[in-house]
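Each chain, letter by letter, is given below.
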Amino acid sequence: MAIILPKTLQTSIFTQMENTYPNEGGGFLLGEQKDGDVFIRDVIQVENVFESEEQYHRYAMTPQNWANMEDKADELGLSLVGYYHSHPDSPAVPSEYDRVHALPNFVYIISSVVNKQAVDMRVWLLQDDREAFNAKELVVED
Amino acid sequence: MAVIKIPTPLRVYTDNQADITVSGATVAQILEDLLVQYPDLKPHLFQEGKLRNFVNVFLGDEDIRFLSGVDTPISDDAKLRIIPSIAGGRVAHRA
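Just so you know, the sequences run in chain order U and R. 1 is the number of the first residue of the first sequence in the numbering used here; add one for each residue after it. 1 is the number of the first residue of the second sequence in the numbering used here; add one for each residue after it.
This is chain U alone, in the form it adopts within the complex:
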């Protein structure tokens, strides 16, 4: 399985993450699954609702954010295929906190931001047994 992300959307994610630095930022990934790959069609920025003093290492959305986005995706004929967030001054790899709060069959894009510069983006999927994330191929298309 590969995750196909248009370059313009990657730039949009990086810009958002650099603007939210030194705090974490995030949002939803809308798209579709086709021939075993996931095609990202849109990214939707969502405000970080974690306590402000903890946002340097935590990101959260409300359940209402999820419900609204899932309904919107249905209207657009797309699916809620994943979510993205940043790890400021930290690698683009999932933490234990990420794993505990994760769902399978859901694309996790993590961006590493160092000194307000987005330096890395990686894609992860939770194993079905919830024990670990596995890295997936990210294809950024012009």
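It is possible that some hints are incorrect.
What the hints assert, rightly or not - For each label pair, taking beta carbons as the anchor points, the in silico distance ranges come out as:
(1) Glu62(R) to Asp128(U): 24 to 34 Å
(2) Val119(U) to Asp71(R): 44 to 54 Å
(3) Lys72(U) to Gln17(R): 16 to 26 Å
(4) Asn68(U) to Asp40(R): 20 to 30 Å
(5) Phe46(R) to Thr15(U): 34 to 44 Å
To be clear, the hints were calculated from the coordinates, so they are not data collected in a lab. Each residue gets a CB set at the ideal place from its N, CA and C atoms; glycine is no exception.
Using the hints, position chain R against chain U.
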């Protein structure tokens, strides 16, 4: 019969069905019936017999935690929804 909406990533465990018809007089009974129909959902909704803390169940627009939790009574035409709380973050230390 009540209907419960399944979040997109978990529909792979419900034969890609978004809305599942379920029976029960309380939220607990509704969830029990859901897991009888689709047992593969269980590890993603429950941990040690309790709803995972990032799994929310809504009755209409109300989070059941602000009603009577899993003991919340359910009418025959109730609309329920399972909604994950998205959360993440890097390891907890300042760089």
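Could you tell me which of the numbered hints above are not met by this structure, giving the numbers in increasing order?
-> Hint check: nothing fails, all pass.
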